[in-house]
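**Q** Chains as they are written, first to last, in the numbering used here: chain B, 1 to 314; chain L, 1 to 312.
Hint data in this document are derived by calculation from the structure and do not stem from the laboratory.
Beta carbons: idealized from backbone N, C-alpha and C, even for Gly.
It is possible that some hints are incorrect.
As the list claims (entries may be wrong) - Heads up, simulated SDA-like pairs for lysine to any residue below, C-alpha to C-alpha not over 20 Å straight-line:
| id | chain 1 | residue 1 | chain 2 | residue 2 |
| --- | --- | --- | --- | --- |
| 1 | B | Lys80 | B | Ala61 |
| 2 | L | Lys192 | B | Asn166 |
| 3 | L | Lys308 | B | Gly123 |
| 4 | L | Lys192 | B | Ser165 |
| 5 | L | Lys192 | B | Glu193 |
| 6 | L | Lys192 | B | Asn141 |
| 7 | L | Lys192 | B | Thr305 |
| 8 | L | Lys308 | B | Thr305 |
| 9 | L | Lys80 | B | Thr305 |
| 10 | L | Lys80 | B | Gly123 |
| 11 | L | Lys80 | L | Val155 |
| 12 | L | Lys192 | B | Glu140 |
Stated by the list, open to error - Cβ-Cβ distance ranges computed for the label pairs, FRET-style:
| id | chain 1 | residue 1 | chain 2 | residue 2 | range |
| --- | --- | --- | --- | --- | --- |
| 13 | L | Val237 | B | Ala138 | 35 to 41 Å |
| 14 | B | Gly285 | L | Gly304 | 44 to 50 Å |
| 15 | L | Gly276 | B | Ala138 | 43 to 49 Å |
| 16 | L | Ser97 | B | Ser214 | 56 to 62 Å |
| 17 | B | Arg30 | L | His36 | 24 to 30 Å |
| 18 | B | Ala213 | L | Thr210 | 54 to 60 Å |
Each chain is listed here by its residues.
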Amino acid sequence: MTKIASLPIIAGALLAFGLYAAPAQAGPNRTWVSGHGADSGGCALVAPCRTFAFALTQTAAGGEIDVVDPADYGTVTITKAISIVNDGVGVAAIGAGSGNAITINAGAGDSVHLRGLTIEGLGSGSNGILFTTGGNLAIENCVIGNFVTAGINIVPSTSSSFSVSNTIASNNLANGILIVPTVSAVVTGVLSEVTANNNFNGIFVNGRLTTGASFNVTIVDSVASNNRSGGVIAASASGNLATAVMLRNVVASNNVTGLGAGQNAIFRVAHSVVTGNNTGVNTSGGGILNSYVDNNINGNTSDNTAVLTPLAMH
Amino acid sequence: MIKIASLPTIAAALLAFGLSAAPAQAGPNRTWVSGHGTDSGPCTLVAPCRTFAFALTQTAAGGEIDVLDPAGYGMVTIDKAISIVNDGAGAATIGTSSGNGVTINAGAGDSVRLRGLTIEGLGSGSNGILFTMGGNLAIENCVIRNFAGTGINIVPSTSSSFSVSNTIASNNGINGIFAKPGGGIVTGVLSKVTANNNGTGIFAAGSSVTGASLNVTIVDSEASNNGNLGVVAGASVGTTAVIVRNVVASGNKTGLEADGIGAILWVAHSVVTGNGTGVSTSVSGIINSYGDNDIDGNKNDNFGVLTKLPMH
Chain B
1 MTKIASLPII
11 AGALLAFGLY
21 AAPAQAGPNR
31 TWVSGHGADS
41 GGCALVAPCR
51 TFAFALTQTA
61 AGGEIDVVDP
71 ADYGTVTITK
81 AISIVNDGVG
91 VAAIGAGSGN
101 AITINAGAGD
111 SVHLRGLTIE
121 GLGSGSNGIL
131 FTTGGNLAIE
141 NCVIGNFVTA
151 GINIVPSTSS
161 SFSVSNTIAS
171 NNLANGILIV
181 PTVSAVVTGV
191 LSEVTANNNF
201 NGIFVNGRLT
211 TGASFNVTIV
221 DSVASNNRSG
231 GVIAASASGN
241 LATAVMLRNV
251 VASNNVTGLG
261 AGQNAIFRVA
271 HSVVTGNNTG
281 VNTSGGGILN
291 SYVDNNINGN
301 TSDNTAVLTP
311 LAMH
Chain L
1 MIKIASLPTI
11 AAALLAFGLS
21 AAPAQAGPNR
31 TWVSGHGTDS
41 GPCTLVAPCR
51 TFAFALTQTA
61 AGGEIDVLDP
71 AGYGMVTIDK
81 AISIVNDGAG
91 AATIGTSSGN
101 GVTINAGAGD
111 SVRLRGLTIE
121 GLGSGSNGIL
131 FTMGGNLAIE
141 NCVIRNFAGT
151 GINIVPSTSS
161 SFSVSNTIAS
171 NNGINGIFAK
181 PGGGIVTGVL
191 SKVTANNNGT
201 GIFAAGSSVT
211 GASLNVTIVD
221 SEASNNGNLG
231 VVAGASVGTT
241 AVIVRNVVAS
251 GNKTGLEADG
261 IGAILWVAHS
271 VVTGNGTGVS
281 TSVSGIINSY
291 GDNDIDGNKN
301 DNFGVLTKLP
311 MH
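With the sequences and hints as input, model every part of the structure.
**A** Take a look at the structure:
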C-alpha cells in the first residue's frame, strides 16, 4: 500500500520548493506579461501572463504589471491602484475597436500609472483611456489614436489630479484629450510634451459640468496642430468658478481656432506660437485670454490678437 | 481505398485548429515583423514576417505593423493608411543605396505614421522618405541619413498635413527636410528636429501653382553645419509661411533665408551664430524678427534685413 503524505507534510514540501497557495486577497506586488505568456498562475517573470486584464486580477492593489516583450495585451478595466509599465521593450499595444481600451474606475484615493502603451481605436473604439474615478492618474510615453470620443478622456466624479507627459493623442474623431470633471470634483493636472494633432479638438478643458471650487490645467512644451476645430479650448459653466488654463511653450498651428477661451474660462499664455489657424486666438461668452506678451501670434487668416489682455510677468 | 475527407470536413478541421483562409480584402489590423520572421502568412505575433513590404500586404488599411526586434526590414512603398511602429525594440532599419527608403503614395485622405525607424541611404539612395500623396504624415523618433537626395521629402500633390518630431535628418546630399506643395494647401510642424550636415537643412519651398500654400512651424530644432542654408523659406507663385522658434542655426553658409515674393519667415527666441551669413532675404522675401533672438558671431550677421515685429 502506498502511503500518502498528510496534508501538513505536503504543504511543508510545497513550501520547501517555494510554492504556496497565493493569498486570496492580495497577490504579488509585481506581475509580468508577455506575448508568449499564458493567462494562468501568478504571472511570474518565468511564467508570464498574456493579458493586462488577467494580470490585474493577480496583482496586489498598488502593484505593478510589467511588460516583457512586444504584444497586444488587450483591453482592461482598472478598479484599484495599479501601474502598467512598458519601459522600452517594444510596442505594448491595446487594440480596441469598440468600447474603451483602458477604463479606470478606481477608488477615490487610488493612484494609477500607465507608461509606454500604444493604444489604437481602429476608428470605432470609444475612448483610449477613460478615467472616471481615482485619486491620481499618470500617463507617460503613450501613443493613443483613432478613437471616437477621446484619446484620453479624464472625466472624474471625485477630486483628483492627473499628469500626462511625452504622449501623443492624435487622429481621434472628437477630442485628442478631453478633461471634464463632473459633480463637484476639484481637478488639477499638467500636460507636458503632449502632441494632439488631427482631432476635432486637440485639447478640450471642459469645466461646464463641475461645481467644484477650482479646475486648473497647465499645458507646457506641447503641440496642438491640424485639428478640425480648436487647438486648445476651454469653457466653464455660467456662474461657476472659472476654468484656468496656463499655457507655456505651446504650438497651436493649422487649426480652425488656435486657442479658444470659451465661457467663463481664463487662459494665460506665454512663450507660445499660434500660426496658420483660421483664427489665431478667440474669446467668447466672457472667456478671458491673458497673454504675457511674449507669444508669436502671426500668419493666421485672422490673428485676432485684439482679444488678448496683457498680463505682467514676475 | 483511402477515404479522402470532404471539403466541408477539411474546412471544419482547419477552423478547429484555428486556421482560416485570410480575408481577401482586409487582413488583420495589427501585424508583426521580426528579424527572425518569414514572409508568409498573416504576420502574427507568434509567426511574424520578415519585411515591411510583405507585412503591408497582410495588414488592413488603417492598421499597424509592429516591430518585434532589431533588423533591416527593407524598402517599402505605402499605398494605403498604415502605421509602421518601432516603440523601442532596438534599431528597426531600412538601408538602401538606390531608390527611396519609404515611398508614400497613399489615398488623399489617408493617415500614415512612421515611428522609430532608422533609414540609411549609403550615400547614394534617393530619398529616405518620399511623400507624394496622402492626407497626413506623422514621423516620430526616426533617424534618416546619407541619402544623395533628401532625407524627408514632402511633396504631396494634394492638400495634406505633416508632423515630424524627435527626428534626425542629417548627412543628406541635397536637403535634410524638404516640403513643397503640389497644388494644394500643405501645413506642418517640425518639433525637436535635427537637420545637420546636409546641403540645406530645412527647405520650405513654395509651390509653382497659384493658390497653393505652405505653412510650416519649426520649434525646438537645430539646423547646423549645412553646406548651404540652415532654414530657408522659398516662394515663387504660391505662398510660404515659416515660423521658427527656439531653433539653432549655426555653422551654415547662411543661417536663415527668405527667398521670393510670398516667402515670410518669422523668427523668435532663436540662436543664429557661426554662419557665413546669419540671416538673408532675396527677391522680396521677408524675415520678421520678434526682437528676442541671438544673432551674433556670424561672419556677416546681416540683421539689417530683419523686419521687427511685436510679440503678443
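**Q** Now, for every hint given, state plainly whether the structure supports it.
**A** Quick rundown of the hints versus the structure:
At roughly 6 Å between alpha-carbon atoms, Lys80(B) and Ala61(B) fall within 20 Å of each other, so this suggested pair holds. Distance restraint check for Lys192(L) and Asn166(B): the Cα-Cα separation of roughly 12 Å lies within the 20 Å cut-off, and the hinted pair is therefore satisfied. A C-alpha spacing of about 46 Å is found between Lys308(L) and Gly123(B), which places the hinted pair above 20 Å, so the restraint is violated. Using a Cα cut-off of 20 Å, the hinted pair Lys192(L) and Ser165(B) holds, with the two alpha carbons roughly 15 Å apart.
Using a Cα cut-off of 20 Å, the hinted pair Lys192(L) and Glu193(B) holds, with the two alpha carbons roughly 11 Å apart. Proximity of Lys192(L) to Asn141(B) is assessed by CA-CA distance (about 16 Å); at most 20 Å being required, the pair is judged to hold. Pair hint Lys192(L) plus Thr305(B) does not hold up; C-alpha atoms about 27 Å apart against a cutoff of 20 Å. The hinted pair formed by Lys308(L) and Thr305(B) meets the criterion: a straight-line CA distance of about 17 Å does not exceed 20 Å.
A threshold of 20 Å between alpha carbons decides the hint, and for Lys80(L) with Thr305(B) the separation of about 40 Å lies outside it, so the pair is violated. In summary, the hint linking Lys80(L) to Gly123(B) is supported, as the alpha carbons are separated by about 15 Å, within the 20 Å threshold. The straight-line distance between the Cα atoms of Lys80(L) and Val155(L) is roughly 17 Å, inside the 20 Å bound, and the hint therefore holds. A threshold of 20 Å between alpha carbons decides the hint, and for Lys192(L) with Glu140(B) the separation of about 18 Å falls inside it, so the pair holds.
For the hinted restraint 35 to 41 Å between Val237(L) and Ala138(B), the CB-CB distance of approximately 50 Å leaves it violated. A hinted range of 44 to 50 Å for the beta carbons of Gly285(B) and Gly304(L) is consistent with their spacing of about 46 Å. Distance hint check for Gly276(L) and Ala138(B): the Cβ-Cβ separation is about 48 Å, which falls inside the suggested range of 43 to 49 Å. Range check, Ser97(L) to Ser214(B): Cβ separation about 60 Å, and the 56 to 62 Å hint holds.
Taking 24 to 30 Å as the suggested C-beta distance range, the pair Arg30(B) and His36(L) conforms, at roughly 29 Å. For Ala213(B) and Thr210(L), the Cβ-Cβ distance of about 56 Å falls inside the hinted range of 54 to 60 Å, so the restraint holds.
Hints 3, 7, 9 and 13, counting from the list given before, are not met by this structure.
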